[in-house]
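From first to last, the protein sequence lines are chains A and B. With the first letter of the first sequence counted as 1, position 38 gets the number 38 in my numbering; the numbers rise by one all the way through. With the first letter of the second sequence counted as 1, position 30 gets the number 130 in my numbering; the numbers rise by one all the way through.
It is possible that some hints are incorrect.
Stated by the list, open to error - Listed below are the simulated DSSO-like cross-link pairs for lysine-lysine, each with C-alpha atoms no more than 27 Å apart in a straight line: (1) A:39 / B:139; (2) B:188 / A:88; (3) A:88 / B:139; (4) B:188 / A:39; (5) B:188 / B:139; (6) A:88 / A:39.
In case anyone wonders, no lab produced these hints; they're calculated from the structure.
There are 2 protein chains.
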Amino acid sequence: MIFEIAEIEVHAGQEEQFESAVAQASPLFRQAHGCLSMKLERGIEHPSRYRLVVGWNSVDDHMLTFRNSESFQRWRELAGPFFASPPKVEHVSCVLDAFS
Amino acid sequence: MIFEIAEIEVHAGQEEQFESAVAQASPLFRQAHGCLSMKLERGIEHPSRYRLVVGWNSVDDHMLTFRNSESFQRWRELAGPFFASPPKVEHVSCVLDAFS
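Please take these sequences and the hints and turn them into a complete structure.
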């Protein structure tokens with residue numbers, strides 16, 4: 001399992017609408033091939049900065065299969081209007097889960 | 101519960117030593133007041149870039165209590181030598197946990 005981390009800056013004042021759009025879009029991820037989890041984090045120091053954290057079986061499940069699907073188009077239709085700039089996307093793997 | 105996200109660039113070639121140092125330091129976090137979880141994520145596109153993700157009861161538990169403790173000094177003694185630049189630290193809260 002790997003994680004997509006998309007850092008998304010939202011137009012100031014549109015945070016609530018953006019959060020609703022992400023919630024509305026979540027079934028698109030839940031139904032996506034290889035998609036295992038999805039959460040949205042909001043910055044405390046930077047309240048217009050979000051991190052969408054999506055668990056995938058592989059980077060290809062995200063970057064090839066999902067990105068080329070209609071669900072990705074629909075996701076961008078729902079959430080894209082609130083983006084203040086293009087999201088910065090990276091992938092990470094967990095190398096230490098010390099405690100929780 | 102909030103999360104500290106510390107983005108840490110490590111000197112290339114020292115990744116393994118850094119990961120060992122973080123594992124060795126994990127009891128310092130586990131014992132810290134208000135500390136609830138700790139994990140270390142490594143970049144897939146940028147393998148010298150890590151994200152230390154630490155759950156705290158509050159930002160103050162991290163920035164006031166922990167930062168002014170001997171445990172923080174010890175953490176920096178252990179992991180600091182591997183930092184290629186000062187860590188970028190932010191705090192986030194989870195606003196949507198859609199599924200997992």
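Checked hints:
Pair hint residue 39 of chain A plus residue 139 of chain B holds up; C-alpha atoms about 16 Å apart against a cutoff of 27 Å. A C-alpha spacing of about 16 Å is found between residue 188 of chain B and residue 88 of chain A, which places the hinted pair at or below 27 Å, so the restraint holds. A distance of roughly 22 Å separates the Cα atoms of residue 88 of chain A and residue 139 of chain B; the hinted pair therefore holds under the 27 Å criterion. Taking the CA atoms of residue 188 of chain B and residue 39 of chain A, the gap is near 22 Å; set against the 27 Å cutoff, the hint holds.
Between residue 188 of chain B and residue 139 of chain B the CA atoms are separated by roughly 16 Å; this keeps the pair inside 27 Å, and the hint holds. Note on residue 88 of chain A and residue 39 of chain A: the hinted pairing holds, with a Cα-Cα distance of about 16 Å set against a maximum of 27 Å.
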